[in-house]
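With the sequences and hints as input, model every part of the structure.
Note that the protein sequences, when read in sequence, are chains F and P.
Using this note's numbering, the letters of the first sequence correspond one by one to residues 1 to 218.
Using this note's numbering, the letters of the second sequence correspond one by one to residues 10001 to 11012.
Hints listed in this document are in silico derivations from the structure and should not be mistaken for laboratory results.
Every residue, glycine too, gets a C-beta built ideally from N, C-alpha and C.
Take the hints with a grain of salt, since some may be wrong.
[Unchecked claim] Have a look at the derived ranges for each label pair, beta carbon to beta carbon: (1) F:209 with P:10831: 36 to 42 Å; (2) P:10916 with F:93: 45 to 51 Å; (3) F:19 with P:10916: 49 to 55 Å; (4) F:169 with P:10899: 33 to 39 Å.
[Said to hold, decoys possible] With a cut-off of at most 25 Å between alpha-carbon atoms, the simulated SDA-like pairs for lysine to any residue come out as follows: (5) F:112 with P:10905; (6) P:10939 with F:5; (7) P:10981 with P:10707; (8) P:10449 with P:10401.
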Amino acid sequence: MAQIFHRSFNVIAKLSIVGAVVVLAILTTVLAAIDRSSYVTRVNVPREQPVPFSHRHHVGQLGIDCRYCHTTAEESRFAGLPPVETCMTCHSQIHKDAAMLEPVRESWRTGKPLQWVRVHDLPEFVYFDHSIHVNKGVGCVTCHGQVDEMPLMWAVNTLRMEWCLQCHRQPERYLRPREEVFNLHWKPTGDQLALGRKLIKEYHIPKERLTDCSVCHR
Amino acid sequence: MTENRKDAESVDLAALRARLAEARGPEYWRSLEELADSEEFQAFLRAEFPHPAPDLTDAVSRRHFLKLMGASLALAGVTACTRQPTEHIVPYVRAPEEIIPGKPLFFATAMPMAGAAIGVLVESHMGRPTKVEGNPDHPASLGATDIFAQASVLTLYDPDRSQVVTHLGSVSTWDEFLQALGTALEGQRVVKGAGLRLLTETVTSPTLARQIEAVLDLFPEAKWHQYEPIHRDHAKAGARLAFGEVVETQYRFDRADVILSLDGDFLTRFPGSVAYARQFTSRRRTGSPPEGMNRLYVVESVPTLTGSMADHRLALRASQIEAVARAVARELGLLDEEIAEFLIPHKAWIEALARDLKRHRGASLIVAGDEQPPVVHALAHAMNHALGNVGKTVIYTEPIEARPVEHLESLKELVADMDAGRVDALLILGGNPVYTAPADLDFARHLAKVEFRAHLGLYSDETAELCHWHIPETHYLESWSDVRAHDGTASIIQPLIAPLYGGKSAHELLSALLGKPGQSSYAIVRETWRAEYERGRWPQYKNFEHFWQMALHRGAIEGTAFAPKSVSLKMPRGGWASPNAPGTPSDERQAGRQRTLEINFRPDPTIWDGRFANNGWLQELPKPLTKLTWDNAALVSPALAERFGLRNGDLVRLEYRDRLVRAPIWVLPGHPDDSVTVHLGYGRRRAGRLGTGIGFNAYVLRPSDACWFATGVTLSKTGDRYELVSTQHHHSMEGRHLVRVGTVEEYRKNPGFVKEMGEDPAPDMTLYPGYAYEGYAWGMVIDLNACIGCNACVIACQAENNIPVVGKKEVGVGREMHWIRVDRYYRGGLDDPETYHQPVPCMHCENAPCEVVCPVGATVHDKEGLNVMVYNRCVGTRYCSNNCPYKVRRFNFKLYADWTTESFKAQRNPDVTVRSRGVMEKCTYCLQRINTVRIEAEKQNRPIRDGEILTACQQVCPTEAIVFGNINDPDSRVARLKAEKLNYGILTELNTRPRTTYLAKLRNPNPEIEHE
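As structure tokens, then:
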């Protein structure tokens, strides 16, 4: 009986084994790269908003405190977005005819709320609470980045579980004194780890159970 | 369900009876089928969910299957590459001051139910009411609620509620209605309203009563009728017999040592039942030693939850109960007549009971049920007087109804007027009389003679169909009103949300009648209370606003409870004669010869008189005792079933006075013989998408002269079958002795008897390393002495945890999603077994069998001992559920959660994930509540206080049977209960070390009564 396959097929067969591994590896790498790319995670991508609100201007240049607008960050899971009323406290006097602010004035006139685009969006099965983080010494800047330098808002972190866990596993690397939480320019004066460990004790942070599923998922 | 049919067929009642007679020692059984232990029943149990996923019907070849699997696997990773869809945040334009986004607010209000109020606190998430809790400051609630209050929030969002004013079936407007009403009234003004009639349900609302009186002033010849199908006419007539006037009877079960109930289901059916249940069980809690436990005797015509709590229970036909009342009255020296012949076998029982009552003068209590004729009520009053209970365990007050008429008489009068053509305009304010009126009155036919008919109701129901005008009514969570509780306490009903469907309240409609259209309910209710305030009743408040704010804040208006009233008993010599009406013993004796049956009409345990027919939670809630869902049935005793050759699901014809219904049979152990019980509320024609066309309409048989029971019903087999769905076999733990019961006497002799019933392996009997729980360790104790089996926990859990409704078909294959179930157990013979209830949530085992079999780590332990379920990890293998000995895990076989109906989205608890298809779920010990409290405590740098976390089931429980807390804190309530000698875990022999444990039930039988 004649051979069906030519001898050269031996080489091809061997190559295809190696090739399959290589292709799979490349595919995995590419998919992983896409998954972590800012196309998917939207990290560092400024988001278009109905009004081009600039944190750089309001926080960086004017020095307005975070809590002036995000009023419930210390007491509720939701930090809060300001009602149009808050915008109008100033903008009924300042830049009151600016074209850029027309949607704000329109909302104020008609009572129809503004629809802001959510920049920091967690999946629905995660229950994050701002108040406990703020109260235990996690700075705004730790998660939200240097917002005082952002003309339009963007996310600086993926908010993925692996990212959350960095801190939930080792909170000492990120904690700061409670009174510095809203300070966007605070830097540890000494050793961050030593400070973190001290704060964990001082703030009664149950470090060992921070990685329990039940802390965030319910 | 062919399997079910087969296993029902194989139940040989005679054989079971013989087996139980031979059985020695306690034998517990869950159902007749289990007792029969047929092969089919075994097969039904062997499948972890009684019916597995449907077989793939399309012929997918193995090769094709593998190809699909390969492709799915390869593409599985790609799904992770999708971007999250863009979400919007929509802040307020002007933020309301009191709302903190992310934190719920609670508002005190009250839910009216058949006239009486239960005070509630309603949770509101940014203006959306999501959950009803009891109001601890309200006398009818004491912090707890019942199933109706829990489920009422779903009715609020029901998309099938009527949404528009209709005229002759086509869309119209409120203004057009007002115009038409004005025209109709113009004619009436001339004749002083002689042709005007108002028909309401029970009215206890001071404001509504004030308005109706004003209407009657304006139209002096007009009449106000009241009709409620589940009325309390007999209680009123009984009071009139005994005292010559209508009074409200209130009970103090906490002060009673010996209680006799004459067909009175006071634990679930009376106005104020939630409070009564708390009072009653406050004397059942054991503590050690068990002192001061009360003793309950129940004589009843239908097995009820109250009967299941009885220490001594006597099942008799409804018509025979009067004879028992007479016999007891005779023993107490009130009557001088012979004991009825059929009671002679029970003579010793009655004598022992009477002695027990006499021993506890002033601390005994006799309660008569609303279904019993007035004579029984009068006798109960007389006996309470004779025993010196008045002012102690029984309190009389003014009636809470604004005008306490007998509803049936009132309705008959209206029908007669309609028949005679004396009614020109009829306004029906709430209720559904076309469906609920007794059949022989032929309400619908007479209604057609009225020229102007308007109906105000939540649904466009049977009555709306026959009225010219239908106006959508506001739900109690949508409108201002007021209402009284069983003790007279008034509450303001404050709305939580603007009317979803543009409804109008009865106040607004009456205001239009009074020539003030457009007046808001708010203004109307305030007017009432301003007038009350100005009478100087509340000098402690500086002005009306202050009073109003406090009234709203507390949810109950101070000092409005009625004062006890002294009444004088007017008993004729020889007692009251039995009126010669159907159902009296003499008639019954005749009937006995003819072997015709007696029929009982009762409100449905979950959908009441039919008003909750479109409420999915209540439809799917297993009815206590029968555990039926989505249907009503004709309940009969095993003996009757044997005689007629009936089995569960057989369709029978029930005939009474030429009227006929076809009803499926359900054999209910403990049901009295020669009688059949039907529940009202089913067989609706226009209830909505869920409630229309299910079950049979028992109102068809209900006569106006015998509302509650009637003799002379014939029952015949049709040979057809009907599929009834009961959950009793689902999630079975296969006959292991899980309820532990003893008597007070046994406990006194040997306090450790409960522990001796089972074995607890040593903690180190495991291959896994031990784990020390250092911080909090959450645990739960369920006191079986206090559990009355009312199911409130099941609905509360459903509301709190976004548990979906699955429908009858899915329940039929064992896929109901309730995270907590109430198992029912029987002990003893078929005809009169003892009944026990056992709520079963997740046990949160320390050595959880579910965790070790999960291939993806979707169910794991946390450091506080919670067995947590991580939905986003779950891939749906169902291994965990297979390995769970307690059968508490529920799987989303389909997309059960309703993701499309807009209105239901607003009901959901935002703190709990809405689960999708293919995900396992189970009780979490209300993790969201634990976390909320923990976060608050941690913010304040303090430990969580005992009692600060209430699980949903615990908070709702009328009897405080469920206690949750930190078992590492020896002073916590839960830890103290776990240290009790009665504490036991179920299936602990498997070394699961459950965190949920039970307190064994103690019964307190009368040693004088031989109990076999």
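Do the hints match the structure? See the list:
Remark: the range hint 36 to 42 Å for residue 209 of chain F to residue 10831 of chain P is contradicted by a beta-carbon distance near 55 Å. In this structure, residue 10916 of chain P and residue 93 of chain F meet the distance hint of 45 to 51 Å, their C-beta atoms being roughly 49 Å apart. Checked against the hint of 49 to 55 Å, the pair residue 19 of chain F and residue 10916 of chain P fails, with Cβ atoms roughly 39 Å apart. The hinted window of 33 to 39 Å between residue 169 of chain F and residue 10899 of chain P holds, with their beta carbons roughly 35 Å apart.
Under the criterion of a C-alpha separation no larger than 25 Å, the hint pairing residue 112 of chain F with residue 10905 of chain P is consistent with the structure, at around 22 Å. Between the alpha carbons of residue 10939 of chain P and residue 5 of chain F the distance comes to roughly 75 Å, so the proposed pair goes past 25 Å and is violated. Distance check on the hinted pair: residue 10981 of chain P and residue 10707 of chain P sit about 48 Å apart at the alpha-carbon level, beyond 25 Å; violated. Under the criterion of a C-alpha separation no larger than 25 Å, the hint pairing residue 10449 of chain P with residue 10401 of chain P is inconsistent with the structure, at around 30 Å.
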